[in-house]
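Participant: Sequence:
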Amino acid sequence: MEDCIFCKILRGEVPPGKGKISESDNFVAFLDINPEKEGHCLVVSKAHFETILDLPVGMGSELLTFLKEVSLKVMDKYECDGFNIVQNNFKSSGQVVPHLHFHIIPRKKDDPLNLKL
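Here our numbering is used: the first residue of the sequence shown is 2, the next is one more, and so on.
Think of the hints as simulated: they come from the structure by calculation, not from any bench. These numbers were taken from a predicted model, which means no experiment stands behind them. Glycine is no exception: its CB is placed at the ideal position from the N, C-alpha and C atoms. It is possible that part of the hints are untrue.
[Claimed, not checked] Derived lysine-lysine pairs resembling DSS-like cross-links, with alpha carbons at most 25 Å apart:
1) K19 <-> K38
2) K47 <-> K9
3) K69 <-> K110
4) K21 <-> K74
5) K69 <-> K47
6) K110 <-> K92
7) K78 <-> K110
8) K9 <-> K110
9) K69 <-> K19
10) K47 <-> K109
11) K74 <-> K92
12) K69 <-> K21
13) K109 <-> K92
14) K109 <-> K69
15) K19 <-> K78
[As the list claims (entries may be wrong)] Label-pair distances were calculated between CB atoms; the ranges are:
16) G20 <-> T66: 20 to 26 Å
17) G13 <-> D111: 36 to 42 Å
18) L54 <-> K109: 15 to 21 Å
Whenever a hint applies, use it, and build me the whole structure from the sequences.
Facilitator: What follows is the structure in structure tokens.
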């Protein structure tokens with residue numbers, strides 16, 4: 002999509018947030034430009050799918066494997082006790098960018114989090 006910020010990042014027209022974390026054949030992870038917590042990153046599909054409903058079934062296994070890989074990297078790098086994975090579909094759910102993406106948010110014991118993603 003021409004105006005999609007994630008598509009622009011993937012085409013190299015805009016830098017990837019605050020740095021790329023990892024990449025697979027169909028997904029990329031980079032630090033969020035407006036993080037909820039230090040280490041908050043986004044996992045974004047390389048192809049433009051607006052919601053999870055548009056993701057081909059055959060990519061599901063790669064996506065889950067990639068989410069796990071990135072989550073482990075985030076936990077290790079930011080020395081956190083856990084993490085949230087958040088994914089919104091459609092505007093009414095809070096999806097701001099209409100491009101399939103997941104938020105991985107590192108968590109530490111007793112830290113507050115206001116989930117406005």
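Participant: Evaluate each hint against the coordinates.
Facilitator: Taking the hints in turn, this is what the structure says about them:
no. : hint                     : result
1   : K19 <-> K38              : holds, 13 Å
2   : K47 <-> K9               : holds, 11 Å
3   : K69 <-> K110             : holds, 20 Å
4   : K21 <-> K74              : holds, 12 Å
5   : K69 <-> K47              : holds, 18 Å
6   : K110 <-> K92             : violated, 31 Å
7   : K78 <-> K110             : holds, 16 Å
8   : K9 <-> K110              : violated, 36 Å
9   : K69 <-> K19              : holds, 21 Å
10  : K47 <-> K109             : violated, 30 Å
11  : K74 <-> K92              : violated, 30 Å
12  : K69 <-> K21              : holds, 16 Å
13  : K109 <-> K92             : violated, 29 Å
14  : K109 <-> K69             : holds, 18 Å
15  : K19 <-> K78              : holds, 15 Å
16  : G20 <-> T66: 20 to 26 Å  : holds, 22 Å
17  : G13 <-> D111: 36 to 42 Å : holds, 40 Å
18  : L54 <-> K109: 15 to 21 Å : violated, 33 Å
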